[in-house]
Amino acid sequence: GENVEQHPSTLSVQEGDSAVIKCTYSDSASNYFPWYKQELGKGPQLIIDIRSNVGEKKDQRIAVTLNKTAKHFSLHITETQPEDSAVYFCAAKRSNFNKFYFGSGTKLNVKP
Amino acid sequence: SAVISQKPSRDICQRGTSLTIQCQVDSQVTMMFWYRQQPGQSLTLIATANQGSEATYESGFVIDKFPISRPNLTFSTLTVSNMSPEDSSIYLCSVGTNEQYFGPGTRLTVT
Numbered sequence: 001g002e003n004v005e006q007h008p009s010t011l012s013v014q015e016g017d018s019a020v021i022k023c024t025y026s027d028s029a030s031n032y033f034p035w036y037k038q039e040l041g042k043g044p045q046l047i048i049d050i051r052s053n054v055g056e057k058k059d060q061r062i063a064v065t066l067n068k069t070a071k072h073f074s075l076h077i078t079e080t081q082p083e084d085s086a087v088y089f090c091a092a093k094r095s096n097f098n099k100f101y102f103g104s105g106t107k108l109n110v111k112p
Numbered sequence: 001s002a003v004i005s006q007k008p009s010r011d012i013c014q015r016g017t018s019l020t021i022q023c024q025v026d027s028q029v030t031m032m033f034w035y036r037q038q039p040g041q042s043l044t045l046i047a048t049a050n051q052g053s054e055a056t057y058e059s060g061f062v063i064d065k066f067p068i069s070r071p072n073l074t075f076s077t078l079t080v081s082n083m084s085p086e087d088s089s090i091y092l093c094s095v096g097t098n099e100q101y102f103g104p105g106t107r108l109t110v111t
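Top line first, the protein sequences correspond to chains A and B. Under the numbering used here, the first residue of the first sequence carries the number 1, and numbering increases by one thereafter. Under the numbering used here, the first residue of the second sequence carries the number 1, and numbering increases by one thereafter.
Hint data in this document are derived by calculation from the structure and do not stem from the laboratory. A hint or two may mislead.
[Unchecked claim] To be clear about the criterion: a stretch of chain A counts as covered by chain B if any three or more of its residues have a C-beta under 8 Å from a C-beta of chain B, and this derived list gives those stretches:
#, stretch
1, 12-21
2, 44-55
3, 101-112
[To be verified] Once the Cα atoms are required to be at most 25 Å apart in a straight line, the calculated DMTMM-like pairs of lysine to aspartate or glutamate come out as:
#, chain 1, residue 1, chain 2, residue 2
4, A, Lys-71, A, Asp-59
5, A, Lys-57, B, Asp-11
6, A, Lys-37, B, Asp-26
7, A, Lys-99, B, Asp-64
8, A, Lys-99, B, Asp-11
9, A, Lys-42, B, Asp-26
10, A, Lys-58, A, Asp-84
11, A, Lys-37, A, Glu-83
12, A, Lys-99, B, Asp-87
13, A, Lys-68, B, Glu-99
14, A, Lys-71, A, Glu-56
15, A, Lys-111, A, Asp-59
16, A, Lys-42, B, Asp-11
All values derive from a computational prediction rather than experimental measurement. For every residue, glycine included, the Cβ atom is placed at its ideal position computed from N, Cα and C.
The following block holds chain A by itself, in its conformation from the complex:
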């Protein structure tokens, strides 16, 4: 089955700096890669996703890049704000399967 690895496990940045979280996957048939943000006491919230037919996708301060050859994808957050502090999870999925494979999570702390 698929194996998704996520790094780093914790990330501390100063407000206004950029943050990058990286994930690698093992199954070359995976073609959908979402990112979730989980705030304390809440369920995971889908914040951005990318499909394997594109290399980059942006939504305001967040962007995701995908390198299919190297089988890795990354979440980029620019101009970080304290409200970006949360745990972020990446995931991978095949289009013909229902199961999502999640990374181990990254705890992002944005210091004011």
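Since chain A is already given, all that's left is putting chain B on it; use the hints.
For chain B alone, coordinates are given in the frame of chain A:
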């Protein structure tokens, strides 16, 4: 996106008892999913629930411990049976086979 609610939001239970968690979605969905998130950990899929058929359990999870009901296209329940402290976790339901959306979770503590 779907709006998902769960009840209860949290509970403290004694070992040996059972707790049933409810998940309600604001639209009809074919599949619902139940996850467990142990403290500080990632999400682990327990089972997939289709309306009108038996749930499909992942390796390490069995129906006797985690019975699931799916009586209609907007509702599901997960029961955590004969609980032990190791069952203390957040239990999450989700929907969506392409984009997946999660409920707020049920925080269970077993003493």
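To see whether the hints hold, each was checked on the structure:
1. 12-21: violated (count 0)
2. 44-55: The restraint on the stretch 44-55 of chain A holds, since 4 of its residues have a Cβ under 8 Å from chain B and three suffice.
3. 101-112: It holds: at least three residues are needed, and the stretch 101-112 of chain A offers 4 whose Cβ sits within less than 8 Å of chain B.
4. Lys-71/A <-> Asp-59/A: holds (22 Å)
5. Lys-57/A <-> Asp-11/B: Given pair Lys-57/A, Asp-11/B is violated - Cα atoms ~40 Å apart, limit 25 Å.
6. Lys-37/A <-> Asp-26/B: It holds: about 22 Å lies between the C-alpha atoms, which stays within 25 Å.
7. Lys-99/A <-> Asp-64/B: Given that 25 Å is the threshold and the Cα spacing comes to 22 Å, the pair holds.
8. Lys-99/A <-> Asp-11/B: The given pair, whose Cα atoms are some 28 Å apart, is violated under the 25 Å limit.
9. Lys-42/A <-> Asp-26/B: holds (18 Å)
10. Lys-58/A <-> Asp-84/A: This hinted pair holds, its Cα atoms lying about 16 Å apart.
11. Lys-37/A <-> Glu-83/A: This hinted pair holds, its Cα atoms lying about 11 Å apart.
12. Lys-99/A <-> Asp-87/B: At roughly 22 Å apart (the allowed maximum being 25 Å), Asp-87/B and Lys-99/A satisfy the hint.
13. Lys-68/A <-> Glu-99/B: Holds - the C-alpha atoms of Glu-99/B and Lys-68/A are around 20 Å apart, at most 25 Å.
14. Lys-71/A <-> Glu-56/A: holds (14 Å)
15. Lys-111/A <-> Asp-59/A: Within the cut-off at roughly 23 Å; holds.
16. Lys-42/A <-> Asp-11/B: holds (15 Å)
In summary, the structure is inconsistent with hints 1, 5 and 8 from the numbered list given earlier, while agreeing with the others.
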